[in-house]
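Chains as they are written, first to last, in this note's numbering: chain D, 76 to 512; chain C, 76 to 512.
Rather than coming from a laboratory, the hints here were simulated on the basis of the structure. Where hints are given, some of them may not hold.
To be verified - With a Cα cut of at most 25 angstroms, we get these calculated BS3-like pairs of lysine-lysine:
(1) Lys174(D) - Lys174(C)
(2) Lys174(C) - Lys77(D)
(3) Lys174(D) - Lys188(D)
Said to hold, decoys possible - Simulated restraints on C-beta separations:
(4) Ala115(C) - Gly89(D): 55 to 61 angstroms
(5) Asp490(C) - Asp113(D): 55 to 61 angstroms
(6) Glu411(D) - Gly299(C): 48 to 54 angstroms
Glycine residues also receive a C-beta, built at the ideal position from the N, C-alpha and C atoms.
Number of protein chains: 2
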Amino acid sequence: MKVKPVRIGLVGYGTVGGGMVRLLQSERDRIRAATGADLAIARIADAVENPHPDIALPPGTLTRDYRAVISDPAVDIVVELVGGTTVAYDVIAGALRNKKHVVTANKALLAEKGAELFPLARENGCVLAFEAAVCGAIPVVRAIKEGLCGSRILSLHGILNGTANFILTKMRFEKKDFATALKQAQTLGFAEADPTFDVEGIDSAHKLALLAALSFGRFYDWHGFHVSGITRITDLDIQYADEMGCVIKLLAIAQRTEQGPPFLSVAPTLIPRDSILAGVNHEFNGVLIETEAAGPLLLTGRGAGASPTGSAILSDLTHLAAYGPLEREAFRMYPEGLDGRPAAPDDLMAEYYIRLTAVDKPGVMARISGALGDHGVSIAMLLQKLATENGNAVIVIKTHDIRTRQLNDALKTVDGLDIVNGPSLKIRILDPLSANS
Amino acid sequence: MKVKPVRIGLVGYGTVGGGMVRLLQSERDRIRAATGADLAIARIADAVENPHPDIALPPGTLTRDYRAVISDPAVDIVVELVGGTTVAYDVIAGALRNKKHVVTANKALLAEKGAELFPLARENGCVLAFEAAVCGAIPVVRAIKEGLCGSRILSLHGILNGTANFILTKMRFEKKDFATALKQAQTLGFAEADPTFDVEGIDSAHKLALLAALSFGRFYDWHGFHVSGITRITDLDIQYADEMGCVIKLLAIAQRTEQGPPFLSVAPTLIPRDSILAGVNHEFNGVLIETEAAGPLLLTGRGAGASPTGSAILSDLTHLAAYGPLEREAFRMYPEGLDGRPAAPDDLMAEYYIRLTAVDKPGVMARISGALGDHGVSIAMLLQKLATENGNAVIVIKTHDIRTRQLNDALKTVDGLDIVNGPSLKIRILDPLSANS
Chain D
76 MKVKPVRIGL VGYGTVGGGM VRLLQSERDR IRAATGADLA IARIADAVEN
126 PHPDIALPPG TLTRDYRAVI SDPAVDIVVE LVGGTTVAYD VIAGALRNKK
176 HVVTANKALL AEKGAELFPL ARENGCVLAF EAAVCGAIPV VRAIKEGLCG
226 SRILSLHGIL NGTANFILTK MRFEKKDFAT ALKQAQTLGF AEADPTFDVE
276 GIDSAHKLAL LAALSFGRFY DWHGFHVSGI TRITDLDIQY ADEMGCVIKL
326 LAIAQRTEQG PPFLSVAPTL IPRDSILAGV NHEFNGVLIE TEAAGPLLLT
376 GRGAGASPTG SAILSDLTHL AAYGPLEREA FRMYPEGLDG RPAAPDDLMA
426 EYYIRLTAVD KPGVMARISG ALGDHGVSIA MLLQKLATEN GNAVIVIKTH
476 DIRTRQLNDA LKTVDGLDIV NGPSLKIRIL DPLSANS
Chain C
76 MKVKPVRIGL VGYGTVGGGM VRLLQSERDR IRAATGADLA IARIADAVEN
126 PHPDIALPPG TLTRDYRAVI SDPAVDIVVE LVGGTTVAYD VIAGALRNKK
176 HVVTANKALL AEKGAELFPL ARENGCVLAF EAAVCGAIPV VRAIKEGLCG
226 SRILSLHGIL NGTANFILTK MRFEKKDFAT ALKQAQTLGF AEADPTFDVE
276 GIDSAHKLAL LAALSFGRFY DWHGFHVSGI TRITDLDIQY ADEMGCVIKL
326 LAIAQRTEQG PPFLSVAPTL IPRDSILAGV NHEFNGVLIE TEAAGPLLLT
376 GRGAGASPTG SAILSDLTHL AAYGPLEREA FRMYPEGLDG RPAAPDDLMA
426 EYYIRLTAVD KPGVMARISG ALGDHGVSIA MLLQKLATEN GNAVIVIKTH
476 DIRTRQLNDA LKTVDGLDIV NGPSLKIRIL DPLSANS
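With the sequences and hints as input, model every part of the structure.
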């Protein structure tokens, strides 16, 4: 068998970078025997002098200047694991201009700058591969691009952020409040010191932008998505959801609409307890893909961590060794363009869970339901309970199908009532598998 | 963009063939725009004159002689959808000898003759692609070969046969007996008139042979697998399993052993009700892949049907248009050889569910448990109930961990007791996700 040497330049040698190099060293012989690709680390750049002294490397491999890596003629493929959108941008754009393929796990950068970087890769005859950027070890990028290319994709429903899923799972199974569950996630290394991107849905939106591009052939700017996080979810909401036969998940949705652009959103969502996505718990990710010809497809697995991410990077490297620039020609990122604008969610019909706090006295429910009714919001179920110490009560309402715009107007009126305290919370209720029916 | 014409010769124009051509016609423009592959039907052969008069084809496309298709210089890729292992063999071997790539959904033929056909493809510089042969629309072949090539695969646990899963699901949720559920599957088109391959585990074993080859790099002859079907499973077993917190699935298992060859089997298995594979119901398929670096990964979806199979075939055709013979070099089928022999299951340690019928009188349980104890089989749980009309009782036993060889010896003794009627039934109890722990 022909052996094909692949000389890798790594930029960013932190936890994931170290995990990738360790995995590459342990799997190198097996991958060479199975695929003919001989993956070897040629250069590594990191701002820290030698972050992993326990990893054996040939002398001269390490440098603190990424420019030395992306311009090194001995490097075929650059792996970018710096993260963020500043230096990482310079690394990727520079490597592509130097005609080197790039493998990255950087969803934030691709979501922000994909419309610029993918065409740049194409102009330079290079591939910008990113299996590791979405759902870690789950080969969802390849599944959509290649495995499902024979069938039109109708929708995606994804649990794309392991940190948020871990927190919601702890809140549900261990009756923890949000702050305690977040702290536990941080202690276990499932959440960053600054968890904003994870708990506010931003990281999920970045990944959704990439999945939507693969599925619909058009680049949609994530800034136009409807995005809301899980910081306002309380243990009470989890408990009320349970009474309705549901669990709460931070759900990323990409859905074709009858005409016009797709609906793209990331938001906490109530889904039925026996729905297949409800079984995706702890730090796991899951993507449910509804296709026209191939039916529904679910992929679940570890969405993050040094080894799972490393595994996805090795897959991209091997794929590149096998097919090189052919992939660029064959499975293009945005055949339909770079200028996607998602549908405004205002016209979406859905059932909603609403939680609000109001004064605990007779006649209050009549005023609230009257205000909702005036805007056409019909109540399917009502729970009033848990009188709070200061004379208030928590009220939970499940609505019938209602247009988002109407509900928002109704809640503006309700929140303005003198008997209602603080802004109400609304969560969409959805059965992912029947979403297209 | 460069457009690459792909001229397809189809042999076998039945339900799946017709579905594939319909899907190809409806998706051709989209696939060409997204990937540059222009998939066109050049020739079709079928023993029936024109099975789908509603499908528009250029004049001269149809023939009744497959030889005209596999030798046609205007055909680049042959799609084999004849099924079976006789004519289909001639079609595939002939096409490969004529230097044409082959795409097939024929797991039976590949399991029987893969050790001959894959090397034949290689010698002729061709690819023999078979995404559609395993789990229909689920891109599990590509996921294992390419997506997970960076991580060693430790085990597979699969629900690989939609017919058997449909029957077991009906038995569980609708309290049907085996015969009624099978009849319903046949009425709905989920089971063949002769369901032997499906309900006896043979079809699952064929698919397992292919998944094992992809995962372990060696061709294992399925005739050496431990295979048993679901025909002896009764509604009582489903009910007893439920009392133990379990469901019964026809589970295909490929498991690396510490040393020596992997354990390969297809058998009804009790798995915990909250295990992720237990949620794969009805006619769906599911594969749980446990990897060293990437953790566990579950893929579920439609395992059969004209459209899902057609979708997988279009994926193979597009992949071939993009990469052609490069795939043959890069992701080889059997880098470790063609001569695999699975481990004998005799040394496997497992818990078992045992059901037997015995005379309903005092002292019987003592004799049975005594006979089991003499062979080292320790009882974890015992249910005696449902006295039958002829003075017998059904006894269900859950054992502690026991070696298969010991259990078989014990059951031989038990079945020989004068108080025991007919052969006892044993079913392995397993938690797929903890199988490697």
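Measuring from beta carbon to beta carbon, are Glu411(D) and Gly299(C) in 48 to 54 angstroms? 50 angstroms, holds
Whether the CB-CB distance between Asp490(C) and Asp113(D) falls inside 55 to 61 angstroms: With Cβ atoms ~57 angstroms apart, the hint holds.
Are Lys174(D) and Lys174(C) close enough, with their CA atoms no more than 25 angstroms apart? 35 angstroms, violated
Does the beta carbon distance between Ala115(C) and Gly89(D) stay inside 55 to 61 angstroms, or does it fall outside? Given about 49 angstroms between the Cβ atoms, the range is violated.
Take the C-alpha atoms of Lys174(C) and Lys77(D), compute the straight-line distance between them, and say whether it is at most 25 angstroms. At roughly 21 angstroms apart (the allowed maximum being 25 angstroms), Lys77(D) and Lys174(C) satisfy the hint.
Need the status of pair Lys174(D), Lys188(D): alpha-carbon distance at most 25 angstroms? Judged against 25 angstroms, a Cα distance of about 18 angstroms means the pair holds.
The structure does not agree with the numbered hints 1, 4 stated previously, though it agrees with the rest.
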